[in-house]
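Keeping the supplied structure of chain L fixed, place chain D upon it in accordance with the hints.
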Amino acid sequence: MQEYILLMVGAALVNNVILARFLGLCSFMGVTTRIDTAIGMGLATTFVITVSSMGNWAVEQYLLEPYHLGYLRTVTFILVIAGAVQFTEMTVRKVSPPLFQMLGIYLPLITTNCAVLGVALLLVEGKMTFIAATVFAFASSLGYSLVMVIFAGLRERLALAEVPRLFAGPPIGFIVASLLALAFLGFSGISTS
Amino acid sequence: MPLSNVPPDDSPDLLQPELIEGLARVVAVEGELVWLEPETTTTCGGCAASGLCGATGIGTTARRLQFRRFSLINTPQLVVGERIVVGVDGRALLKASGTAYALPLLIMFGAGGVAQSSVGSDGVTMAAMVSGLAIGLLAARWGAQWLGSRGQLAPRFLRRVDCDATSQFVTLES
Numbered sequence: 000m001q002e003y004i005l006l007m008v009g010a011a012l013v014n015n016v017i018l019a020r021f022l023g024l025c026s027f028m029g030v031t032t033r034i035d036t037a038i039g040m041g042l043a044t045t046f047v048i049t050v051s052s053m054g055n056w057a058v059e060q061y062l063l064e065p066y067h068l069g070y071l072r073t074v075t076f077i078l079v080i081a082g083a084v085q086f087t088e089m090t091v092r093k094v095s096p097p098l099f100q101m102l103g104i105y106l107p108l109i110t111t112n113c114a115v116l117g118v119a120l121l122l123v124e125g126k127m128t129f130i131a132a133t134v135f136a137f138a139s140s141l142g143y144s145l146v147m148v149i150f151a152g153l154r155e156r157l158a159l160a161e162v163p164r165l166f167a168g169p170p171i172g173f174i175v176a177s178l179l180a181l182a183f184l185g186f187s188g189i190s191t192s
Numbered sequence: 000m001p002l003s004n005v006p007p008d009d010s011p012d013l014l015q016p017e018l019i020e021g022l023a024r025v026v027a028v029e030g031e032l033v034w035l036e037p038e039t040t041t042t043c044g045g046c047a048a049s050g051l052c053g054a055t056g057i058g059t060t061a062r063r064l065q066f067r068r069f070s071l072i073n074t075p076q077l078v079v080g081e082r083i084v085v086g087v088d089g090r091a092l093l094k095a096s097g098t099a100y101a102l103p104l105l106i107m108f109g110a111g112g113v114a115q116s117s118v119g120s121d122g123v124t125m126a127a128m129v130s131g132l133a134i135g136l137l138a139a140r141w142g143a144q145w146l147g148s149r150g151q152l153a154p155r156f157l158r159r160v161d162c163d164a165t166s167q168f169v170t171l172e173s
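Protein chains in written order, with numbering that gives the first Met the number 0: chain L, 0 to 192; chain D, 0 to 173.
Next comes chain L alone, as it looks inside the complex (with noise of 0.2 Å):
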């Protein structure tokens, strides 16, 4: 049990996707407006990451791994992720056609990312089991939603500071970013002794 604790604090804290990886920046930046909307686009990442790293850990160790197709292993992950978004959204659209018209609306469904593929790629450096892998690709999720949360918060009170005319909009965005990328640093140092 404490192997996948630590392996949780280490994906979601110390190698966070967004502030030590520096993975899907372009959500970072552009679903942060909103506290509300970046808990539900954190949340929808969070079950693509999950989802799809599921079954990229199924292909490379049923299929890529035994035949030695290594080499199409990037081509691959981009399919099965593409095939867990487009489960996402037909699944959502039929089990429930409200939530999916009220989602629609208000979130980015398609919530394919670079993320999303450098999870994949990490699992199979990291050689885990498929449990580690599912609880890997979940904590790195949260990670990514959690930084999403937090630069949300920073944001909403940005858009009440008073922000000298050249730093306004995203710069100083990607300033507040370095800070909290700063902070997340100190994670790095966490011993488990």
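It is possible that some hints are incorrect.
Computed list of lysine to aspartate or glutamate pairs in EDC-like fashion (alpha-carbon distance at most 20 Å, straight line) [what the hints assert, rightly or not]:
1. L:93 x L:2
2. L:126 x D:121
3. L:93 x D:36
Not close to chain D: a few residues of chain L, all C-beta gaps over 10 Å, as computed [unchecked claim]:
4. 6
5. 67
6. 71
By construction, these hints were calculated from the structure, which means they are not laboratory data.
For each residue, glycine too, the CB sits at the ideal point set by N, CA and C.
This is chain D only, laid out in the frame that chain L set:
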């Protein structure tokens, strides 16, 4: 003065539920109902290069927008082609995304945890998690029905918008 700056005296009314706004276009009028399509949203839509980027093309075809059509009662006498702002309570959006995404994941991990602790095989855990995901999606359906029966999934008409509303939204957000 930038649009994003709000005077400090305008403190929000905490008793009023905060509404999240979205843009939609009227595509059909049928009797007392008006059918709307939400404006395409992508995670990176605010990027200056979004028009050239291939990522915006994934899953954002007109066919998909048709699937997202929703209806409202046409009390404001809307006509085809008009763009309006629709709003929903922020907490309702959280409940909806929690029901659609978090609930299936929780049930999936519960099933996976039980299978892993009792059997310990990757294959069995995988099968249990896929089954858990299916059960979770069914649970999401019931949850959505419950939310829908309380009227929490229905967006409300807020106001009409002019042609440059999108640019105003972008200005406010950026």
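So, going through the hints one by one against the coordinates:
Our distance criterion of 20 Å between C-alpha atoms is broken by residue 93 of chain L and residue 2 of chain L, whose separation comes to about 38 Å. Taking the CA atoms of residue 126 of chain L and residue 121 of chain D, the gap is about 13 Å. The hint holds against a cut of 20 Å. Proximity of residue 93 of chain L to residue 36 of chain D is assessed by CA-CA distance (about 18 Å); at most 20 Å being required, the pair is judged to hold. Non-interface status of residue 6 of chain L relative to chain D is upheld: no Cβ of that chain comes within 10 Å, the nearest being about 14 Å off.
Separation of residue 67 of chain L from chain D is adequate, the least Cβ-Cβ distance of about 21 Å exceeding the 10 Å criterion. Every CB of chain D lies more than 10 Å from the CB of residue 71 of chain L, the least distance being 20 Å, so the non-interface label holds.
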